[in-house]
Amino acid sequence: MSSEERFSGPGGVGEQSVQDDTAQETPAAPVAPELDMEALAEAGVDQELAEKVAPDRDIAVAVGDNIVEVQNLTIKFGGLVALDNISFNIKRGEILGLIGPNGAGKTTCFNAMTGVYKPTSGKVVLEGVVLNGIKQHKITRLGLSRTFQNIRLFGEMTALENVVVGLDARHRTSVGGALLRLPTHTREEKSAIERGMALLDFVGISSHAHVLSRQLPYGFQRRLEIARALATDPKVLCLDEPAAGFNPAEKEELMALIRTIRDEGYTVLLIEHDMKLVMGVTDRIVVLEFGKKIADGLPREIREDPRVVAAYLGEPEDDVA
Amino acid sequence: MSMTDGPTPLRTAAAEQAAEDREASPKAPGRSALRQQGKRKSGYFSDRWHALSRQQQWAFLVIVVVLAYLLPLLNPPIITTEPGNNFALACFDMARFALIAVGLNIVVGYAGLLDLGYVAFFAVGSYVAAMLTSPDSPYLHIPYLWTLPVAMAVTMFFGVMLGVPTLRLRGDYLAIVTLGFGEIIRILATIIPAMKGQVGFQNVGHPPGDGADGTPIFSNSNGVPWYWLTLTIIIIVTLLVGNLERSRVGRAWIAIREDEDAAEIMGVPTFKYKVWAFAIGAAVGGLSGALFAGQVGFVNNQKFDVTTSILFLAAVVLGGAGNKVGAILGGALVSYIPLRFTAIAEYKYLIFGIALVLIMIFRSQGLLPARQRLLAYGRTAMNKITSRDATETKDTDKPPAGPGAHAAGQRGAEA
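Line order of the protein sequences matches chains A and B. Residue 284 in my numbering sits at position 284 of the first sequence, and the numbers go up by one each step. Residue 251 in my numbering sits at position 251 of the second sequence, and the numbers go up by one each step.
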């Protein structure tokens, strides 16, 4: 938020990939508590729209402290150890990549963080709150939101309604209030449409707001998942293979979108297979293999790490013998 | 907050092309195209209805409601159930079924919870009205009209009682448990001495008021006032249910029906809203039960068997699960057909069975399929999108020539 170059214009997006890791690695200086509105306006920020999308957001966040701490997380399914003593941190304001070969435990790790699975041991801490044993919808309200590897939208709802379900996570209308259309309900419904449309605009699919989500084109469904997750106003957004099934052009656009999301002040955890995408967009990478963490570092370091190379490409036969 | 920057890089021609290819339909941003795309499944009548303006809708509704009120007085030939059955009483029976269907529709149609024991709530409502007004009952007696809210409260309580332990189950398991619950209530009515089994309660109360000749207005043999009362209640309940539908409650229910796990992860307290669906559905069922007890004037354990439950469910599915208007229609039909065609009344389960099979084959969404409207101000939103699309097409006369061209056009328009 603080510096001009974080509002990367549309032109710079395509070329920005592996080469400018160095620029990405120093994510941001700590944000000044007072925002320079003029500078923002110059950078093309629509204050009004931004206000609509997230009126309650606390924009002035310190970058760099640990927002999520995964501590000695172990998950066993019967005799199978899906995650073995995993520890890593997610720093505020960064894009952390979580990569690994198929079956490495990436999605399991996601599920453990968002409360779908109960950790066998270890814990997940979000801003000092231990998430173990907290119900899934409460974890979402605490600020950890996710998308799904296999798209799981509400098929019979329109795109806008899908997003409004996400927005409802922050709404306070009671059943009685909705029944009698009390003022809280009216106010929230009106703001939900504004914010929902702004979010759809943000991910670039607002022209399809009235289309049933199961009839949306595939790429739009993926975007809608991101919009719906953003609607819950998360502190940390977890994206589970958001580029699966995308062609290279769409992948580049998605990278731009993910960066923009980070620039909005969200912290992003990204699971991805595509190494180019991961290397291009993440600030830091954690590598899993067979449920164990084998590396944790900057994209440049990860690319040269012999264990990571071995995990992805296999070890030379000499070594095996 | 670079909101304007967000969409621009994402709208390159390549992506739109790719999206269009998959979609296999031209991206015409006009209103009709969006409607076509979005509501393919929701049916002809639903589309026609939502194409009308607000005033036209209200005018149409007023006519329908007036006709509905006049129905027993008009006693139209061909439609009438006489001489076999008194038409006014038949109208009441249809209204009773319609009200039940509206209630069950909340549970089955919105929240997607298969409840095979819904008759239990109907029974509880009937017994509450009977035991609080009948002279056969040794308990506290209250005026009949007061039993309606009391019946709703009591059945709501039963709904929560059933819901809290069972709503952790899903699909088939929930269906089995609710089936069992329906039987439990019926058997309790048989074996608990205070509920008088087959002997039942005579002279259940009715609303106050006497006619000119000294007989009560709400007598057992006069269906018209009962029908009007029930119809009024249906209208109120339908409006309130509509409020719920177009709120976070309705959205939560539909989200649960569509994908319960995803709903939970998106911050919907699924268990709480499932219990609410059960409780509200139960309350409406109880209300209908209390009305039924008052009209018939006699309650015993013979009217609350499982087949009745299935009939209620058939009403919802027949009309179009998830659509309250469809539920009203379905409920009325399920009651009307055996009353009108008395010769075939004996075979009603056979007929409804066949009808359901046919409907599932040819109209799997029910007679009146309709997508739920889940936004209180959806119409406003729709208009906003339409007008925006119109200006966008005006601004960019030509389709974007290359990446960024579309964005540049937009920028120009904004500046």
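Calculated directly from the structure, the hints in this document are not laboratory data. Predicted, not measured: the structure shown is a model, and the values here were computed from it. Some clues are possibly wrong.
BS3-like, lysine-lysine: derived pairs with alpha carbons at most 27 Å apart [stated by the list, open to error]:
1. B:K272 with A:K138
2. A:K118 with A:K190
3. A:K76 with A:K251
4. A:K292 with A:K118
5. B:K348 with B:K303
6. A:K251 with A:K190
7. A:K235 with A:K190
8. B:K272 with A:K118
9. A:K190 with B:K348
10. A:K235 with B:K348
11. A:K118 with A:K91
12. A:K276 with A:K251
13. A:K123 with A:K235
14. A:K91 with A:K138
15. A:K138 with A:K235
16. A:K190 with B:K303
17. A:K135 with B:K384
18. A:K123 with A:K190
A quick look at each hint next to the structure:
1. In summary, the hint linking B:K272 to A:K138 is supported, as the alpha carbons are separated by about 13 Å, within the 27 Å threshold.
2. Among the hinted pairs, A:K118 with A:K190 is inconsistent with the structure: their alpha-carbon atoms are about 38 Å apart, more than 27 Å.
3. Restraint check for A:K76 and A:K251: not satisfied, since their Cα atoms lie roughly 34 Å apart, outside the 27 Å limit.
4. Only pairs whose Cα atoms come within 27 Å are accepted, and A:K292 paired with A:K118 is accepted, the gap being roughly 18 Å.
5. The suggested pairing of B:K348 with B:K303 holds, with an alpha-carbon distance near 16 Å, which does not exceed 27 Å.
6. A hinted pair counts as satisfied when its Cα atoms are at most 27 Å apart, and A:K251 with A:K190 does not qualify at roughly 34 Å.
7. Restraint check: the Cα-Cα separation between A:K235 and A:K190 comes to about 24 Å, which is no more than 27 Å; the hinted pair holds.
8. Among the hinted pairs, B:K272 with A:K118 is consistent with the structure: their alpha-carbon atoms are about 21 Å apart, no more than 27 Å.
9. With a C-alpha separation of about 47 Å, the suggested pair A:K190 and B:K348 falls outside the 27 Å cut-off, and the hint is violated.
10. With a C-alpha separation of about 58 Å, the suggested pairing of A:K235 with B:K348 is violated against the 27 Å cut-off.
11. Distance restraint check for A:K118 and A:K91: the Cα-Cα separation of roughly 23 Å lies within the 27 Å cut-off, and the hinted pair is therefore satisfied.
12. For the proposed pair A:K276 and A:K251, the alpha carbon gap of about 10 Å is at most 27 Å, so the pair holds.
13. At roughly 18 Å between alpha-carbon atoms, A:K123 and A:K235 fall within 27 Å of each other, so this suggested pair holds.
14. Our distance criterion of 27 Å between C-alpha atoms is met by A:K91 and A:K138, whose separation comes to about 22 Å.
15. Between A:K138 and A:K235 the alpha-carbon distance is near 13 Å, which keeps this suggested pair within the 27 Å criterion.
16. Distance hint between A:K190 and B:K303 is unfulfilled; the C-alpha atoms sit about 46 Å from each other, more than 27 Å.
17. Straight-line distance between C-alpha atoms of A:K135 and B:K384 comes to about 37 Å, which puts the hinted pair past the 27 Å bound.
18. For the given pair, A:K123 sits about 39 Å from A:K190 by alpha-carbon distance, which is inconsistent with the 27 Å threshold.
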